[in-house]
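Going line by line, the protein sequences match chains Y and V.
Under this note's numbering, the residue at position 81 of the first sequence is numbered 81, and the numbers go up by one with no gaps.
Under this note's numbering, the residue at position 34 of the second sequence is numbered 34, and the numbers go up by one with no gaps.
Any given hint might turn out to be false.
Restraint ranges, calculated between C-beta atoms of paired labels, are given here [as the list claims (entries may be wrong)]:
1. V:R153 / Y:V209: 53 to 61 Å
2. Y:R7 / V:R37: 56 to 64 Å
3. Y:N100 / V:V148: 31 to 39 Å
4. V:D189 / Y:R165: 34 to 42 Å
5. V:R85 / Y:R165: 25 to 33 Å
6. Y:T144 / V:S58: 34 to 42 Å
7. V:N234 / Y:R7: 55 to 63 Å
8. Y:I102 / V:A129: 27 to 35 Å
Here are some of the chain V residues that sit facing chain Y, going by a computed Cβ distance under 7 Å [unchecked claim]:
9. Y29
10. A70
11. G84
12. L91
13. N100
14. V102
15. P105
16. W106
17. P116
18. I119
19. N123
Bear in mind the hints are in silico, worked out from the structure with no lab data behind them.
Just so you know, even glycine gets a beta-carbon here, dropped at the ideal spot from N, CA and C.
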Amino acid sequence: MNPRVRRLALPLAVFAGLVLVWEAAVPVFRIQQIVLPPPSGIVRTMAETAGPIAFHARHTLATTLIGFGAAVGLGLLLGFLIGASATANDALYPLLVGFNSIPKAAVVPMLVMWFGIGAVPAVLTAFLLAFFPVAVNVALGLATLEAELRDVLRVLGASRWQIFRKVGAPRTMPLFFASLKVAVSSAFVGSVISETVASNAGIGYLMAVAASDFNTRLAFGGLFVLAAMGILLYGIFAAIERRVTAWAYAE
Amino acid sequence: MGAERRNAPPHVHLNRHAAVAIRDVAFEYRTNGRVTRALDEVSLAVPRGTTVAFVGPSGCGKSTLLKLIAGLLTTTRGTIDVDGRPVAGPLKNVGMAFQNPVLLPWRTVLDNVLLPLEILRENNDPRAADRATWRDKALALLETVGLVGAEQRQPRELSGGMRQRVSLCRALIHEPALLLLDEPFAALDAFTREEMWEFHQRLRLRREFTGVLVTHDLREAVFLAETVYVMSANPGRIAHVHPVRLGGPRTLGDIYGAEATELIRVMREEIRPTQRAAA
Chain Y
1 MNPRVRRLAL PLAVFAGLVL VWEAAVPVFR IQQIVLPPPS GIVRTMAETA GPIAFHARHT
61 LATTLIGFGA AVGLGLLLGF LIGASATAND ALYPLLVGFN SIPKAAVVPM LVMWFGIGAV
121 PAVLTAFLLA FFPVAVNVAL GLATLEAELR DVLRVLGASR WQIFRKVGAP RTMPLFFASL
181 KVAVSSAFVG SVISETVASN AGIGYLMAVA ASDFNTRLAF GGLFVLAAMG ILLYGIFAAI
241 ERRVTAWAYA E
Chain V
1 MGAERRNAPP HVHLNRHAAV AIRDVAFEYR TNGRVTRALD EVSLAVPRGT TVAFVGPSGC
61 GKSTLLKLIA GLLTTTRGTI DVDGRPVAGP LKNVGMAFQN PVLLPWRTVL DNVLLPLEIL
121 RENNDPRAAD RATWRDKALA LLETVGLVGA EQRQPRELSG GMRQRVSLCR ALIHEPALLL
181 LDEPFAALDA FTREEMWEFH QRLRLRREFT GVLVTHDLRE AVFLAETVYV MSANPGRIAH
241 VHPVRLGGPR TLGDIYGAEA TELIRVMREE IRPTQRAAA
């Protein structure tokens, strides 16, 4: 089999198999639908509530992408600063690591306290989760520039800015783009956590409401949508990474 | 030992137009509050258009000396003149190549070779003004080192020896007056290394440049240099000076001949005396 087809077909076949086992298990073991509905039932509910699901999915996507965009901007800036200056590295890196070790879910109540229930805490939580991988990867890429390469350019009279532009920035790109796919997944997690706790829109909110109504089908429907969105976001940025920094992948 | 050190090479004071003139240079650096003297009382001159080699045990300060000449480090004492001007800060007309060829993996071979010209052009250097001829020059250089047809390839597709040749071309594309080589061929196998020596010689025949080579390979020093300086460690000093009387251009046959072999034996003994069996 063509290796590309194989890479796609194998996991899909396993997934389809699992869905079939699930579908069969519900009637065979007489599981109550309120505990575990069959996939067919979940899909039917999803089709019936397609309108509201689409609305909430758009909301989640928006908060995720806004938080992600802000995280990329500030992550790049801080990464460049830490990577370019030893003083900035010594001063900021430990703080960054310390900050990153705070479980972000614990920050959501504070954000709600300051900004109320709604989209703002979701955007901020997405931002807080996504920002660290970008900053660290960019800083790492700049800090590991080979001394020899720097010397080759310095004895041509190259300025720090020229060395950064010609060598530092491009060689950091693979790490930056690798961090984007991690960051977008993290932003997504952040958005949904915040929506689940304190929002009136978004898939997280939809699932929280469905769960409190014991609408198990709709809760599972939300989960399916989240899975699809997460895979899609990751896939898009993984594809961009492959395209932009193909040189970093040895054949 | 002391007397020998004071015997400065005879041409130091004679050659006023040396490409590189080093006078009584010392270099110290500080780690954890302790001062280490890496180089001391180094004096020598490199006549224009010749190549000198520095050999010696690890830690004798050979690479440090190279960085001092390039202006990447500053002397603690003494002065270094390049083209009659004291070195203060990184030089701007130097080519460098290292053991690690450090090519840019996102650029083609040709664009790697052209990198120095991009920097010079941005800095309004007149040598880089004539853009149309860059490409031709780069292709001619690549041809000299046997890389015809590789110009559009990616560095990752090349062997170690090919990468090192690209690195040499990058060091020479802007026609620097001074070429500084820090163990450039150390990572290559013996036969590839000999090929590189011949390429280096061909590049010298194409265009004159002054060369400073740091190496562990005595045969390489004898093949590439007009003068070999043997250094001793702690602190790094010039212990012996050997003119290489092989003329030029040289062939591989020359360095496996009797005269070169004897010179290499002597230098080897100076760097690391062989243990004599107890009588």
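Going through the hints against the structure:
1. Distance hint check for R153 (chain V) and V209 (chain Y): the Cβ-Cβ separation is about 59 Å, which falls inside the suggested range of 53 to 61 Å.
2. Range check, R7 (chain Y) to R37 (chain V): Cβ separation about 60 Å, and the 56 to 64 Å hint holds.
3. For N100 (chain Y) and V148 (chain V), the hinted distance range of 31 to 39 Å is not satisfied, since their beta carbons lie about 52 Å from each other.
4. For the pair D189 (chain V) and R165 (chain Y), the beta carbons lie near 36 Å from each other, so the given range of 34 to 42 Å is met.
5. In this structure, R85 (chain V) and R165 (chain Y) meet the distance hint of 25 to 33 Å, their C-beta atoms being roughly 29 Å apart.
6. One distance hint, 34 to 42 Å for the beta-carbon pair T144 (chain Y) and S58 (chain V), is violated here, with the actual separation near 25 Å.
7. Separated by about 58 Å at the C-beta atoms, N234 (chain V) and R7 (chain Y) satisfy the suggested range of 55 to 63 Å.
8. Checking the proposed 27 to 35 Å range against I102 (chain Y) and A129 (chain V) shows it is violated: the Cβ atoms sit about 56 Å from each other.
9. At about 15 Å, the closest approach between the beta carbon of Y29 (chain V) and any beta carbon in chain Y exceeds 7 Å, and the interface hint on this residue is violated.
10. With a least beta-carbon distance of about 5 Å to chain Y, the hint placing A70 (chain V) at the interface is held under the 7 Å criterion.
11. Because the closest C-beta pair between G84 (chain V) and chain Y is about 18 Å apart, greater than 7 Å, the hint is violated.
12. At its closest, the beta carbon of L91 (chain V) sits 5 Å from a beta carbon of chain Y; the interface hint therefore holds under the 7 Å criterion.
13. Proximity of N100 (chain V) to chain Y holds as hinted, the smallest CB-CB distance being about 6 Å (cut-off 7 Å).
14. Because the closest C-beta pair between V102 (chain V) and chain Y is about 4 Å apart, less than 7 Å, the hint holds.
15. With a cut of 7 Å, the hint placing P105 (chain V) at the interface with chain Y holds, because the nearest CB-to-CB distance is about 5 Å.
16. With a cut of 7 Å, the hint placing W106 (chain V) at the interface with chain Y holds, because the nearest CB-to-CB distance is about 4 Å.
17. About 5 Å separates the beta-carbon of P116 (chain V) from the nearest beta-carbon of chain Y, less than 7 Å, and the hint is met.
18. Nearest Cβ of chain Y to the Cβ of I119 (chain V): about 5 Å, under the 7 Å cut. The hint holds.
19. For the restraint placing N123 (chain V) at the interface with chain Y, the shortest Cβ-Cβ distance is roughly 6 Å, inside the 7 Å limit, so the hint holds.
When held up to the earlier numbered hints, the structure conflicts with 3, 6, 8, 9, 11 and fits the remainder.
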